[in-house]
Amino acid sequence: MEKKFNNARQKYENVKIPKELDNMVNKTIKGASKIRNKKSTKRKIISTVATLVIAVSSITIGLNTSEVFAQTLGEIPILGDIAKLLTFVEYEIHSDAIEAEVSIPEIDGLGDKELEQRINNEIYKKMKLCIEEAEKRANEYKKAYLATGGKEENFHPMIVKEDYELKSINKDILSFGIYHFEALASSYIKTYYYNIDINNNRIITLEDMLGENHIDVVNKSIFAQIEEARKNPNNMFFEGEMGFNGVSENQKFYINEEGNVVIVFDKYEIGPGVMGEPEFVID
Amino acid sequence: MPWKKNSQYLKLVDYIKNNQNMFYRLAYSYTKNEQEALDVVQEAIYKALTSVDKLKKPEFMKTWMYRIIVNTAISHIRENKKSITTNKIPDICLEDSNSLDISLDLYDAIDQLDEKQKTVILLKYFEDMKFKDIAIITESNINTVKTRLYSAISKLKKIIEGGAYNGKEV
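Chains A and B supply the protein sequences, listed in that same order. So the first sequence is numbered by the working numbering: it starts at 1 and just counts up by one. So the second sequence is numbered by the working numbering: it starts at 1 and just counts up by one.
Bear in mind the hints are in silico, worked out from the structure with no lab data behind them. Any given hint might turn out to be false.
Stated by the list, open to error - Below, computed lysine-lysine pairings styled on DSSO-like, alpha-carbon distance capped at 30 Å:
no., chain 1, residue 1, chain 2, residue 2
1, B, K56, A, K151
2, A, K143, B, K56
3, B, K132, A, K4
4, B, K130, A, K4
5, B, K32, A, K267
6, B, K118, A, K16
7, B, K17, A, K30
8, A, K30, A, K267
9, B, K11, A, K19
10, A, K27, B, K54
11, B, K11, A, K142
12, A, K34, B, K130
13, B, K62, A, K3
Unchecked claim - If you want the ones that stay clear, here's a sample from chain A, every Cβ over 12 Å from chain B, calculated:
no., residue
14, E132
15, V264
16, E277
Claimed, not checked - Using C-beta positions, here's what the derived DEER-type ranges look like:
no., chain 1, residue 1, chain 2, residue 2, range
17, B, I142, A, S248, 57 to 63 Å
18, A, E140, B, D14, 34 to 40 Å
19, B, Y150, A, E133, 46 to 52 Å
Please read all numbers here as calculations on a predicted model, not as lab measurements. Quick reminder that beta carbons are idealized off the backbone N, C-alpha and C, glycines included.
Take these sequences, add in the hints, and give me the full structure.
Below you can see the structure in the form of structure tokens.
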């Protein structure tokens, strides 16, 4: 038996370590450190209502005041010629069920104020709703955890981060995404993108970018890229019905610095979770 | 004393970086699937990093970290039970066909133990842990750990000697 254990142990120790491990560990540490740094500097700041460049600040009131949250005026203008993406409101929630960090952006400087307002409202509502639902889920989860015999000290609060990411900006186009990241039993992320034609004040469609045959163009390109990626055994796109079967008219995309369309899929949509949100640049 | 808290955090970061392969192996021995083992490790280190301030005694960092990994792995396989059973079949067949090494039997037989027995075997024989530490990790007392280990060993013996390691339950 002894010898068998030693042999089995050798097998255990010889388990192949995937190359992604190192990268994944570093990324996770980076992500956690970010949250930690913000937390320790802002934890004690008592809320102040953000006053803003434009007169939409009134909707910042009404945040859940039952939690300790810190709200700071974050105004990080990102320079474009006219249009800008700013942090509209930033706050944190710390409770024993959830640790959240929220940073809601707004666009400013569009010629069409109505469009600007509409997009800003939509972003605000979307992000606010997501965080409220996450909070509800976290509380329910905690209740269930304790009810099923889990111990308070072993409970890990849900970690949530909502933020935005500028993809590209120039005098013609503003492209950015807003995302909701959640980690509890497993991590989950959802991103929405906005691509705005600044000169004509309209949302850019795939057709605007790629012409009448845009669906075909995108599908061909993605099928080819998946085919290519399959040559690498670490890429494990789902196959068949579960996998990529063509994009739809409202496929998520953004426009990168080079002006190319980048198609983005949800986590788990066409591949396993470890692949994150797969992206395909369409040349 | 924020600096003290911070030094503990940095210690944990170091500890994670230096032991990531070990975490992966432990996670893998539960999931038997590369992607899922990566998911488990990620989730576990994330949990650890975001709750390190709850760790009161730094000397328990190792057992604390192992506990998070073991618990994360177990809850992960419970959630994904179905997919794991189906993934496991080709593994066994492959090993079965290309080797006569008896150790394969034991390594695979461990998968047939229940979660608690399996954890004790892994920690004791593959991670060289003391009974005391295993008790902390599994939140039980030393005697329970010992009893569990002996019953796990006798079950493993039965599985191997009965040649039934390919079967469902013994």
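_Non-conforming hints, listed in increasing numerical order_ = Violated hint: only 12; rest satisfied.
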